[in-house]
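Protein chains in written order, with my numbering: chain A, 8 to 259; chain B, 98 to 192.
Hints may be right or wrong, so weigh each one.
Said to hold, decoys possible - A few chain A positions that, by computed beta-carbon distances, are all more than 10 Å from chain B: (1) E41; (2) A47; (3) E70; (4) D78; (5) G99; (6) I138; (7) C175; (8) F181; (9) D188; (10) A201; (11) I202; (12) N209; (13) V214; (14) M227; (15) H249; (16) Q251.
Unchecked claim - Listed below are several chain B residues computed to face chain A (Cβ distance under 8 Å; list not exhaustive): (17) V124; (18) A127; (19) D129; (20) E130; (21) M131; (22) T139; (23) R142; (24) S144.
The hints are simulated quantities; they were obtained by calculation from the structure and are not laboratory data.
Given the structure is predicted, the values throughout are model-derived calculations rather than measurements.
No residue lacks a Cβ here, since even glycine has one placed at the ideal position from N, Cα and C.
Here is what each chain is made of, one letter per residue.
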Amino acid sequence: MSNRAIPATYATRLGDNALVLGQRMIELVAASPELEEELANANFSLDYIGQARMFYTYAAECEGGGRTEDDFAFLRPEHEYRNLLLVEQPNGHFGDSTVRALLFESWYVLLLESLTQCADEGIAAIAARAIKEVRYHLRHSSQWLVRLGDGTEESHARVQASLDKLWCFTGEMFVADELDDAMLNEFNGPDLAAIELQWQKNVAAFVAEAKLEQPDDQWMASGGKQGKHTEHFGFLLAEMQHLQRVYPGAEW
Amino acid sequence: MSKQEWPLYEVFIRSHSGLSHRHAGSVHAADDEMALSNARDTYTRRSEGVSIWVVRSDQIIASDPAETAAFFEPAEDKIYRHPTFYEIPDEVENL
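Given only the sequences and the hints, what does the whole structure look like? Please build it.
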């Protein structure tokens, strides 16, 4: 890979995580349990979509091939998306969405922290902007985890089930592939092994405070980084890309 | 299913240029931390503030509208209590 190709591909992957989680949260608009929660969710999803736009625009700039952010979002097929399987998981109930956000954001905050120090200035600059948003998102999701876990008997049982269900999607976050290695070695990028240790510590603290049980070590799903997605992902893309697919180049 | 409302909190925000907190509105929240988060998400997304106070609405002691006359009108005819006879120099800010 040429020197610019590594940050381009890496920024695309970061954009994919942000866009897919943002799209999942957009699906919840007008479905929140409280008005204030509605505003928080909608704003957070827009934060993520804004991050995706920055990452895609930067990736296009690195490529120098004339693609735009919209090409990345609306015209790529499923297997070209390299987001984590975790972020594409369906919203489920409020506890499911909360746990999904918490598990991802606990990782994403550490990743962005590391990326602010990386040798690629473009990615470092976007990471520095994004991290302020994501720190707040994590504050929100972790408070909800504690509220639900340490809440009523029913909320505790339901959020425990969410944690058990989504845990198998966390392993993928720490498995470095060729691109992660290239970022680490050539651009002083994130060390996923170090992030894993910190993540485990942080998540264990949230889980304990929420009076939940951390799931046992288990088989971990992976494939997102290779473009092999879970069955839910095609439906997400179909809805998100429908307009551009049916009316190519449509604008408003 | 009966719908139990979360308690109401009043939100006060100090803006960038402001010297004191001003009442911005109210939010519902299940606890104090959530009230602060909700206030932030509802009222400061367009960089309106640098500081937020929230307080449970039922903790505010308010004057009784029926007593408005007794409370406030005696002050109205005492113009000498208002410093309206001075010229304020332009250089004086935040008065």
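How the hints compare with the structure:
The Cβ of A/E41 does not lie farther than 10 Å from every Cβ of chain B; its closest approach is about 6 Å, which violates its non-interface assignment. With a least CB separation of 4 Å from chain B, A/A47 falls inside the 10 Å interface cut-off, contrary to its annotation. Chain B leaves A/E70 outside its interface by the beta-carbon criterion, the shortest separation being 33 Å against a cut-off of 10 Å. Non-interface status of A/D78 relative to chain B is upheld: no Cβ of that chain comes within 10 Å, the nearest being about 29 Å off.
At the 10 Å boundary, the C-beta of A/G99 stays outside the reach of chain B, the nearest C-beta of that chain being 20 Å off. Distance check for A/I138 against chain B: the nearest CB is about 17 Å away, which clears 10 Å, and the non-interface claim stands. Non-interface call for A/C175 relative to chain B: holds, since the shortest CB-CB distance, roughly 30 Å, exceeds 10 Å. With a least CB separation of 29 Å from chain B, A/F181 remains clear of the 10 Å interface cut-off, as annotated.
At the 10 Å boundary, the C-beta of A/D188 stays outside the reach of chain B, the nearest C-beta of that chain being 38 Å off. With a least beta-carbon separation of about 30 Å from chain B, A/A201 lies farther than 10 Å from that chain, consistent with its non-interface assignment. Distance check on A/I202: its Cβ is at least 26 Å (rounded) from any Cβ of chain B, clearing the 10 Å threshold; non-interface status holds. No Cβ of chain B comes within 10 Å of the Cβ of A/N209; the nearest lies about 18 Å off, and the non-interface call holds.
Non-interface call for A/V214 relative to chain B: holds, since the shortest CB-CB distance, roughly 18 Å, exceeds 10 Å. Residue placement check: A/M227 keeps its beta carbon more than 10 Å from all beta carbons of chain B (closest about 32 Å). The non-interface label for A/H249 is consistent with chain B: the shortest C-beta to C-beta separation is roughly 29 Å, beyond 10 Å. Distance check on A/Q251: its Cβ is at least 28 Å (rounded) from any Cβ of chain B, clearing the 10 Å threshold; non-interface status holds.
Annotation: B/V124 was flagged as interfacial toward chain A, and the flag holds, the nearest CB pair being 5 Å apart, inside 8 Å. Interface hint status for B/A127: upheld, as the beta-carbon distance to the closest one in chain A is roughly 7 Å, under 8 Å. Hint status for B/D129 relative to chain A: violated, with the closest Cβ pair at about 11 Å, above 8 Å. Interface hint status for B/E130: upheld, as the beta-carbon distance to the closest one in chain A is roughly 6 Å, under 8 Å.
Evaluation of the B/M131 hint against chain A yields a held restraint, the C-beta minimum of about 7 Å falling below 8 Å. Using the Cβ-Cβ criterion of 8 Å, the hint placing B/T139 at the interface with chain A is satisfied: the shortest such distance is roughly 5 Å. Of the supplied interface hints, the one on B/R142 holds, with its beta-carbon coming within about 6 Å of a beta-carbon of chain A, less than 8 Å. A least Cβ separation of about 12 Å between B/S144 and chain A goes past the 8 Å threshold, and the interface hint is therefore violated.
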